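This is what each chain is made of:
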Amino acid sequence: MNSTTRTSTPVLIMALALTLAACGGEKVGGTGTPGASAAAACGTFNLAVNPWVGYEADAAVIAYVAEKNLGCTVTKKDLKEEVAWQGFGTGEVDAIVENWGHDDLKKKYIDEQKTAVAAGSTGNKGIIGWYVPPWMATQFPDITDWKNLNKYAAQFKTSESGGKGQLLDGDPSFVTNDEALVKNLKLDYKVVYAGSETALITAFRQAEAKKTPLLGYFYEPQWFLSELKLVKVNLPAYTAGCDADAAKIACDYPEYDLDKIVSKRFADADGPAYRLVKAFTWANDDQNEVAKYISEDKMKPADAAKKWVEANPDKVKAWLAR
Amino acid sequence: MTARVRSSRPLLVAVILLAWVVLWIPVHGRHTLDLSPADLTALHRWLNDVNDSVGANRDSSPVFRYFVNEIRAGIDALVRFLQGLIAQPSYGRPVPVFGWLGVVAVVTYVSWVFGNWRVALLAAGGFVFLGLQGLWQESMDTLALTLAAVAISLLIGIPLGVWAGLSDRFHRLVTPVLDFMQTMPTFVYLAPLTLLFLIGPASATIATLIYAMPPAIRLTAHGIRSVPRTVIEASESLGATRWQTLTRVQLPLSRRTIVLGVNQTIMAALSMVTIAALIDAPGLGKTVVKALQTLDVGTAFNAGLAIVVLAVVLDRVTTAAGDRTARTNRPLMAGLALVAVACWYLSYTYLWAAEFPDRFRVGGALSRGAGAVTAWAQDDLSTATGAIKDLLTYGLLNPFQALLVESPWWLVAAVAVALAAVLGGIRAAVTTAACVALLIGTGLWQDAMTTLAMTIVATILVMALGVLVGVWMGRNRHADRIIRPVLDAGQTMPAFVYLVPFLALFAATRFTAIVAAVVFAAPVAIKIVADGIRAIPATTVEAATAAGSSTWQLITKVQLPMARPSLTLAANQGLIYVLSMVVVGGLVGAGALGYDVVAGISQGQLYGKGLAAGAAIVLLGVMLDRIARASNPSNLAKGHR
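Protein chains in written order, with numbering that gives the first Met the number 0: chain X, 0 to 321; chain U, 0 to 640.
Because the hints were derived from the structure by calculation, they are not lab data.
Being a predicted model, the structure only gives us computed values, none of them experimental.
Please note that a few of the clues may not be correct.
[Claimed, not checked] Looking from chain U toward chain X, a few residues come up when the C-beta cut is under 8 Å (computed):
#1 Ala190
#2 Leu277
#3 Asp279
#4 Lys285
#5 Thr293
#6 Gly440
#7 Ala506
#8 Leu586
The C-beta atom is built at its ideal place from N, Cα and C for all residues, glycine as well.
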């Protein structure tokens, strides 16, 4: 009994001292945060954010303008593409603001389920193709013509490519015709699936740093290209319809018009946030700039958006005018 | 008679393997059932249609309206309540109910009450460290989600585990279900889950608990089953009812193993943090995912470290709670409770105690340090590591894969069934034949064989590490104390944090995938082996030492044989954890089934194929596990009982 009192007394004193000592400082809610009262006009805007930096740049700028200029309450939801599209039907996603093709999803959600509608181009052009690190293009200038690829096949051999040259494919989110291309162009290469953008970028980084050969699938706009200017290999030029039969493709990828998709409900309500999304359009350079702020300068998306918006008032004004 | 059969078994296995190689030479390259990545089978298309029809009918079906939606609402409410307590602004206030000081105080107090001073200090230090990393709110979001998932897992898992421990029939029934839950890749059911339970905390929690619950069930059952027969018979002969035997004998005696199950559930839940972030789960996972979009390894490492810290604290506190003796010093308890309440009050009232102060931050320095180490490894080590990768790939993996992939399907099937028959008897042979047939049915035979080659290599490495390190840890408490945090880090550090440097070191290859699988799976095998070694009664070890056994003899003749059930469980869990990394492997160059699954979540028309690939991973797991399990003599005896 005695010993327990002895141990608990200092504890009590400690508690008291703590309470007293702490009775200074700012109280919770003391200064009060100004509530966003203008929100009523716009309401809540559920913006899907797909996991790549270019998309993040689009979303950051749209969210910034929606909050500052229109008084919307923007809820950003980090989602994989498929899941984001599903959200149109369940009412949890209002807009996707950088869509790469995805004809299968368009067919399913726009044509069949009728829960989504297209909201026009973002103004960005998506390019897909085969790339080599800059040192290779400098040392072997003719490598950028597909006809010469077989000449270099031996250089591209790896432990994964079974005696042939390796063509490193990346993130399966993007369309790839590479198996068919290799076969139909009679290239002595094997497609090896890196499986993610992370793996691809790391591979290109190492290839340039170590001056090792690498041929890989890549795309632009992409923040990594401002770090390392990969050089595109020219495949037989794309002509309309040359990719009609997937098994017989022997031409380059088409240029993708990156576009915006919104939920039907969101479009029908025709609120200020919807009009902003519909009017939003900018150039690849604009996106690259914001993407660079986020990826290289490590700015928060909202800060990156602020910086760009303040430097480009005319463009923002044009979106809001319509 | 039985002794002769057993001794001839290795010979038979060798004959089968030799026959395989000899036959491979003339027939390889035929009937390999290959399917190119873009091609689909009728089954894959059918699965696509099923998925579409579920999506189209979600709102009209009464099952959804009254059943699924209720579950969703309940779990959502639970998670949001926990978030409101510790993580998010709630009840009209700009901060959560418990500020950082309140959380630290309560966690410390609870750790002390249920554990001891040492874990209480660890908990306090760990949680303050989260704040210093600049990740307080993210950590609390993750903690809220994890607590919800673990609570539900244990609420369902422990009773089911007890049942499986008592009933052989239920055990047989539930084991394949658990295998399925642990090996079916999360990627496969992530999109359907959000279709059923919508985007939000409920889907994230359910995705987490599907993966996290099985260890609780399995280890509870294992604990109950490991109670010696004689003890139960003694209890029964004293007139105890079944309920009394369970609560007074079986549960207390298996407490250590059950606690191991709880720990593994927590670890598994935390290992899901990054994947759950793909469906908008709040917390540290988002930080990791965002950082990796720009390959910012430093920031990702900082967030990954926070997950590890949470894991270590939760693990140590639960372990200490498992060993505790009841507290008796009531005045001290009351006094400290008062301190905790005072701290909570401060954190409720004052801003400095509610939001972690900005002034003291180590997160930036940690990020820069991790970034610098990564850059150094990539620049200076990659030539040497590339050589190791090439050696192992050309020397071991490629020949083995060629044997599996280029053999006609009927040859592999015959070899697998023959091996199962020799090692495990007729029952294992039948299971194997069924698995082979179903694998062919998935349409992904060749991809499955490629993945199988990697899985076997990785599992062998995992078991080698498991026995080596596990025995060391089981015999040496100091080793245990130093190694265990490293194991916890291996289990809970999001794979991609270390995969970026691994990718630089070993390129996008199958070898990188194997290394990743070993890093993730070896800890669980090591822990289970160590637990088994330590569970051997001290008297047995002393008796053997007194009889003049050397250390080597003690390990090989006494400790390893007596820890056999643990070795079997370690092999089972090691294999299953390797298989649960197949998808991550697909993200770093492993191709095959892992890539099929990743492509399935990324492209609508490949969804069915991804699902089939997920099923193929499960089938591989069941097949390998049943052959390995049946080949264990002690289990063979049990089967004949």
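Checked hints:
{"no.": "1", "hint": "Ala190", "verdict": "holds, 5 Å"}
{"no.": "2", "hint": "Leu277", "verdict": "holds, 5 Å"}
{"no.": "3", "hint": "Asp279", "verdict": "holds, 5 Å"}
{"no.": "4", "hint": "Lys285", "verdict": "holds, 6 Å"}
{"no.": "5", "hint": "Thr293", "verdict": "holds, 4 Å"}
{"no.": "6", "hint": "Gly440", "verdict": "violated, 23 Å"}
{"no.": "7", "hint": "Ala506", "verdict": "holds, 6 Å"}
{"no.": "8", "hint": "Leu586", "verdict": "holds, 4 Å"}
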